[in-house]
Amino acid sequence: MDWQAIWLSIRLAFCTTVVLLVVGVPLAAWLAFSGRRWRFLVEALVALPLFLPPTVLGFYILLAIGPRSPLGALYGRVTGSMLPFSFQGLLIASALYSLPFAVQPVAGAFHAVDRKLVEASWCLGVSRMATFRRVIVPLARQGIATGAILSFAHTMGEFGVVLMVGGNIAGVTRTISISIYDQVQALRYDAALETSLLLLGFSFVVLAVTYALQRRVWIWPMN
Amino acid sequence: MADELICRVRKRLRSGFELSAELAVPLAESAVTVLFGPSGSGKTTLLRILAGLEDPDEGTIEFRGTAWFDSARRIALAPQKRRAGFLFQEYALFPHLTVAQNVGFAAAGGRAAEMMKSFDLADLAARYPREVSGGQQQRVALARALAAQPVLLLLDEPLSALDAPSRLRMRAGLRGMLVASRIPAIVVTHDRAEAIAIGDRMAVLVDGGVRQSGSVQEVLRHPADAVVAASVGVENVLPAEIAGREHGLLTLRIGAQHLQCIDRGESGPFVACIHAEDVALSRDAPEGSSVRNRVAGRVVSVVVEGPLARVELDCGFPLVSVITAQSAADLRIQPGDGVCAIVKATAVRSA
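Chains R and V supply the protein sequences, listed in that same order. Residues in the first sequence are numbered consecutively from 1, following the numbering used here. Residues in the second sequence are numbered consecutively from 224, following the numbering used here.
This is chain R alone, in the form it adopts within the complex:
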């Protein structure tokens, strides 16, 4: 079994989950509580990776982080290396690809927090930020856990985006699903079967745990 690829996928999934918690929780809060009229545009944008073919998403990300793009050029100037076909580039792509999986359950859970509890906290003199930390986040912890688990699991299995942005470099960008693809291409069906079974078992366990935690995983926060 390609342990190097498995370890790389776990590292990537872990880092993606951390990035998505840092980025996704504030974004989910904004989606759940903002009264802006153009909120629906952001909602659609966040949900886009659910519907876009991974190759299309990967292609755009590749262009966006390439050395000719402002972002890629800036990264190159600061670090002296390039984003495409690197672990860092893969991380950006994974985070974007799994964004809806992190944001949707968290925003749903934020939205489900009883408004009166939030108002009660305000009337007790507790600031908006402290109320978010002390009332909203603890009451939405199941949704946050669900978002984290789904982000991790989704990243573990991704293929198209990884191939477009990261390519197939052993130890750097060759994730578990690309390794399986390689094994099949090389007609090493035994190895492919073994690795696939591992991923199947892992995915099932993750989903079972998620559903045990919270029944409503797919509720989009639409009031």
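Some clues are possibly wrong.
Below, a list of computed lysine to any residue pairs in the SDA-like style, where the Cα atoms sit at most 20 Å apart [as the list claims (entries may be wrong)]:
(1) V/K340 to V/M393
(2) V/K567 to V/G529
(3) R/K116 to V/Q312
(4) R/K116 to V/T267
(5) R/K116 to V/F317
(6) R/K116 to V/C538
(7) V/K304 to R/R11
(8) R/K116 to V/G282
(9) R/K116 to V/G471
(10) V/K304 to R/S127
(11) R/K116 to V/L385
(12) V/K304 to R/M129
(13) V/K304 to R/R134
(14) V/K340 to V/S356
(15) R/K116 to V/V429
(16) V/K304 to R/R128
(17) V/K567 to V/D414
(18) R/K116 to R/T131
(19) V/K304 to V/G282
(20) V/K304 to R/F132
(21) R/K116 to V/E313
Worth flagging that the hints you see were computed from the coordinates, not collected in a lab.
Please arrange chain V on chain R, whose structure you already have, making use of the hints.
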């Protein structure tokens, strides 16, 4: 600075309902002000506006000389800055925190322990809100609000979440707690009995406007107009003492007079309520009548309103009677006349 809460606000809701309320609450002399009105009259909206949870379209709110809201000067203080403790109908206790953590949520140093003690919550400290009764939840909510040292308490239908027996039990208790806190309180209710039991002052809200405000007794006894009279429902509210009980009847002493009513097992201080329509008038005390209560009095005023006449009497206590204008004319009732007020025992009810 005037020790007053002055509020003049207008707000149009999406439903088309318009709240246009003027309210002045003298904070020093009245512990509890009741915001009274039928459901849909805008009471809760007004309370939320006072708390800063909703902004009016225009107007001003001034508390002890500080502007809380002023549309002209673009002032709208956040709820955190107003420090008005708000008690929600369902109490809104934080479900992920214990009773003690709820009370301590925003407590100023040492206040939490003090509140836990004075609200008798020590035994419940480690329990979660769902594990305590409705009445206990109310105490926790009040303790939590007071621990944050509010300048004003706002209570939205504080007894409505309780079942009927606990509601009756908590009524007097709630007033006791509010008075003891020494923080002025505004209590929203649509229940007349609750208003009488809890309030010192009362403002009547009908269709989004404050129609009348004054002491509870005053408003009930002298409704400003027919709309207020209809919404408050009863004109005669008489604090009484129970002087005796026999054969299923209670004898009440009101001043020097006695009234009888059905004994429903009440005890302690009694507030007798009599609809003005249930008070008949006679020139002389009738003989051979089934009516138990005949009280001599003097006519103070007679006001004819359409087919009805509203007669105010002085019987040692004020008593209002509504009779037909025709009867008033037939009896030739004039201010200063001596008359006999006749009230069936079944028409005298406890608040």
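Evaluation of the provided hints:
1. The hinted pair formed by V/K340 and V/M393 meets the criterion: a straight-line CA distance of about 18 Å does not exceed 20 Å.
2. Between V/K567 and V/G529 the alpha-carbon distance is near 26 Å, which puts this suggested pair outside the 20 Å criterion.
3. As the CA atoms of R/K116 and V/Q312 are separated by approximately 10 Å, the hinted pair is consistent with the 20 Å bound.
4. For the proposed pair R/K116 and V/T267, the alpha carbon gap of about 13 Å is at most 20 Å, so the pair holds.
5. Our distance criterion of 20 Å between C-alpha atoms is met by R/K116 and V/F317, whose separation comes to about 10 Å.
6. For the hint pairing R/K116 with V/C538, the CA-to-CA distance comes to about 50 Å; that exceeds 20 Å, so the pair is violated.
7. With a C-alpha separation of about 46 Å, the suggested pairing of V/K304 with R/R11 is violated against the 20 Å cut-off.
8. Between R/K116 and V/G282, the direct Cα distance comes to roughly 25 Å. Violation of the 20 Å bound is thereby established for this hinted pair.
9. For the hint pairing R/K116 with V/G471, the CA-to-CA distance comes to about 47 Å; that exceeds 20 Å, so the pair is violated.
10. With a C-alpha separation of about 9 Å, the suggested pairing of V/K304 with R/S127 holds against the 20 Å cut-off.
11. With a C-alpha separation of about 18 Å, the suggested pair R/K116 and V/L385 falls inside the 20 Å cut-off, and the hint holds.
12. Annotation: proposed proximity of V/K304 to R/M129 holds, straight-line Cα distance about 15 Å (limit 20 Å).
13. A threshold of 20 Å between alpha carbons decides the hint, and for V/K304 with R/R134 the separation of about 19 Å falls inside it, so the pair holds.
14. For the given pair, V/K340 sits about 18 Å from V/S356 by alpha-carbon distance, which is consistent with the 20 Å threshold.
15. For the hint pairing R/K116 with V/V429, the CA-to-CA distance comes to about 25 Å; that exceeds 20 Å, so the pair is violated.
16. Taking the CA atoms of V/K304 and R/R128, the gap is about 12 Å. The hint holds against a cut of 20 Å.
17. Only pairs whose Cα atoms come within 20 Å are accepted, and V/K567 paired with V/D414 is rejected, the gap being roughly 24 Å.
18. The hinted pair formed by R/K116 and R/T131 meets the criterion: a straight-line CA distance of about 12 Å does not exceed 20 Å.
19. Proposed proximity of V/K304 and V/G282 is supported: the alpha carbons are some 19 Å apart, at most 20 Å.
20. Note on V/K304 and R/F132: the hinted pairing holds, with a Cα-Cα distance of about 17 Å set against a maximum of 20 Å.
21. For the suggested pair R/K116 and V/E313, the alpha carbons sit about 9 Å apart, so the restraint of at most 20 Å is met.
The structure is inconsistent with the numbered hints 2, 6, 7, 8, 9, 15 and 17, although it conforms to all the rest.
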